[in-house]
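A.B. asks: Okay, here's what each chain looks like letter by letter:
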Amino acid sequence: MARREHLLKIGVSGVRGVVGEFLTPALACAFAQAFGSYVRGGRVVVGRDTRSSGEMLQHAVNCGLLAAGCEVVDVGVLPTPTIQIYTGGTGARGGIALTASHNPPEYNALKLFNAEGLFFNRYERGELIDLYHQSDFQQAASEEIRGVICEREVPRKLHIQRVLQHVDVEAIRKRRFRVALDAVNGAGAVMTPGYLEESLACKLEAIAVDPNLPFPREAEPGPATLGELSELVVKTGSEIGFAQDPDGDRLAVVDETGRVLDNDDVLALAIDAALARVPGDVVVNLTTSSSVDEIARHHGRRVWRTPVGEANVVETMQAVNAAIGGEGANGGIVFPAVHLCRDSYTGMAFLLDRMAATGESISALSARLPRYYRRLGKAPFEHGRLGTLMQALEREFPQAEKDRSDGLKLTLAEGWLHVRASNTERLLRLAAEARSPELLDTLYARLTKLLE
Amino acid sequence: MSSRAKKSLRISHVGLRGVVGSGLTAAHVVDFSSAFGTFLEAPGPVVVGRDTRASGAMLREGVVSALLACGREAVDLGIVPTPVIQHAIRRLGAAGGISIGASHNGEEWNALKFFGAEGTYLSTAEAGELLDIYHLRQFGFAEWTGIGKLRLETGAIDLYLDALAEVYDFSAMRDFRVLADCCNGTSALILHRVNERFQTDFILINERTEGVRFAHEPSTTQATVALQLSPLMKPLQADAGFLFDADSDRVAMADENGAPVSEELVLPLIADYLLPRSRGRIVITNLSTTSLVEEIAKRHGGEVVRVPVGRHSAIDSLSFYRPEQVALAGEGTGAVMMPQFRFVYDGIASMLAVLSMMRERCQSLSAILASYPKFSILKAQVPLVAQRVPALLARLRERYADGSVNAIDGLRVDWPDRWFHVRVSQTEPVIRVICEARGEPPRDLFEELLEQVRIA
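As given, the protein sequences belong to chains A and B, one line each in that order.
Here the first sequence is numbered in my numbering, starting from 56 and rising by one per residue.
Here the second sequence is numbered in my numbering, starting from 14 and rising by one per residue.
Hints were generated in silico from the structure; no laboratory data involved.
Some clues are possibly wrong.
Said to hold, decoys possible - Taking lysine-lysine pairs in the DSS-like style, the calculated list, with each CA pair at most 30 Å apart, reads:
{"no.": "1", "chain 1": "B", "residue 1": "K392", "chain 2": "B", "residue 2": "K247"}
{"no.": "2", "chain 1": "A", "residue 1": "K64", "chain 2": "B", "residue 2": "K162"}
{"no.": "3", "chain 1": "B", "residue 1": "K162", "chain 2": "A", "residue 2": "K212"}
{"no.": "4", "chain 1": "A", "residue 1": "K290", "chain 2": "A", "residue 2": "K229"}
{"no.": "5", "chain 1": "A", "residue 1": "K64", "chain 2": "A", "residue 2": "K290"}
{"no.": "6", "chain 1": "B", "residue 1": "K387", "chain 2": "B", "residue 2": "K311"}
What the hints assert, rightly or not - Quick look at which bits of chain B chain A covers, simulated, 3 or more residues with Cβ under 8 Å:
{"no.": "7", "region": "22 to 35"}
{"no.": "8", "region": "39 to 45"}
{"no.": "9", "region": "160 to 168"}
To be verified - Looking from chain A toward chain B, a few residues come up when the C-beta cut is under 10 Å (computed):
{"no.": "10", "residue": "L121"}
{"no.": "11", "residue": "A195"}
{"no.": "12", "residue": "M445"}
{"no.": "13", "residue": "A447"}
Even glycine gets a Cβ: it sits at the ideal position worked out from N, Cα and C.
Just need the whole structure built from these sequences, with the hints factored in.
C.D. replies: So, in structure tokens, the structure goes:
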């Protein structure tokens, strides 16, 4: 008998699922009460993106936190990095963001942060999930129950102020950049227009900046989903276009010709900007382009590679005291001098800063990046087949340098291949990169042949 | 917490009630509210409000979340009396409502009360259905496109006062100096507003509602009235004193001399006022309430219908009659509902009825009460040993076979000038023993009963 579809995942990365049948108020409430018990009461910051289920889940989370004896600071709709920075800066015991980030609108999730506004490490996450499963919650008595405080302005000011310390604000403002924005009617809608227009003195052309409307495009910003922004850039003669995901941590960029930049190139540009300003190494995931190695080498720095996942990148960044890090394909830039989290606002500031400093267009800046050709793909995942596939790959490329820390990455003279199981979906993720389109085709074809 | 508090959770036809933390948890609140959101069939929003308890903030979040998840718009009135919630349900054409508050219980308790369309209490059948949905835990959550939104509404108290003002002349209340013990509950919000709007002279004690512990238990009994209200009556030269429970659906009284009035007298008093001015002849009350109700009803050609104890039994009984046939309904706890207000227990409206009666008769409260024959009631409770209850009731029935027997709710036995009622409480694990006689208290019968209930 076929197993009934279950669209819920409770694991070390928190709770994620389709609302309604799967991600229920009871589940969110219980998980929040486990969280409140784990951080032992005190103040907890709660915010969300603009999903239709956000308000409902936020009340469930508030309920669980209050029941555990926590005081709730409700920051309402805000980007995830803003919630993290405010959590770290306000003496809270932790924070919860209700967002399924780039997932489709029927999904939602609880992202959990510690007192510094960082993801819990994997051991803490294990303890929390055990506590949840044991239902061993703190149950506050009447006199221990605290209330909900609303805080709307301070978090966004704090975030913007942190970012602007690291760029030449006056130089950017003086240029009066013409900028286009697609905030996907997400959390960025409440903050990005003010950030670009007021803080950075840009002339803004914006679409999808109504937090009360549904997402008008696919949530994940990328070449396939940003047609409207490209058109807007061309039509309005904008010098650059920015696109965010629903919780404002990921960034995609459109150049002045309307072309959507490869996310790996956006990260490479940000790394270049960061290394010019602060000392330290670079941390990226295994699937990120080799162009970052060249850029780091140029600044005399090394690159550390980690398994895919923001938490993995951030953990290594902490360990090596990195200057900057991120994940290429998904548009995540992590700049610890602002905060150890994915932050589209830092990305926007860095790109405008480079344009202001060099006087060059965004297309010219990206054209000067080391040139690699990449292809990403996916294949169905079947339990028990991964090992055989990995062995076949190793046999196919005996001369390759192997990294088995997340699936299998094979590095060859002409490029590399990476095959791994997705953390969030029942899929195999495939990635290949090479120096030329022809080499890429050959490499990718050898991979897909093995999959048949 | 004592072991008693650990067993405090009570999920029944009456709803959900318990000591917060040790008995009643966030999970219960979310699940029960999800069951209510699933239970409601009529379209429309759901109205939510709460009393002044600190834990209300937590319960409110759970209730709102569950209602939104069930696809309902939630209209939150904030901290308001229960009758205001019921009024808002009618005013907004809402599908139903939830009142968060444990009315007469101490501040460590909390509870949820559920209302259907028109703000009525659930009948026994409806409450049973709600309970079944809760136990099945298969809730009707909306998909992501249908999830509800929360709306905050202020001003519900003023709209409720507008409705009261259509029936009672507030400006006439200026003639009285009224003392009110608000027990740090929601009645303070109403009475402050009444003073502002109508320049009345209501003096409030224990009127702070935010960030304070209850000055004393908000229970509408003669004993609580005697604590703080009674001693202040004479020094303040007040004409009448009223004490409200935390959600203002019940009231207790002190007369102008400071004498605490038995909670049993609220219903007969209002019956005495309403029967002559009402087309309805029927007074609905429960088996545990004073016989003075019959006495008063007889004076005005009314008829008393006795039903089992509990809100839902009164509601079930109301459905047997056309609304205009019923003059009022209530119980000996100070909870009275009147047809003008669509049969909602309302302590504020009850107070206004009593004051209007004093004004129209030009009589003091003590003078009105002195015109009633004296009945003495004794009440006690004994810890419940559930399996022995049938044998106990059978034995009592045999022993008191000379009286007339009513067995619809435990056992009530009546003689011409006295009666007793022994029944199992629906809200606490106790057996209640109530005994009343015309004139002096029936101590011998009471002691005899208690002895038998204890050895049972």
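A.B. asks: Tell me the numbers of any earlier hints that the structure contravenes, in ascending order.
C.D. replies: 5, 12, 13
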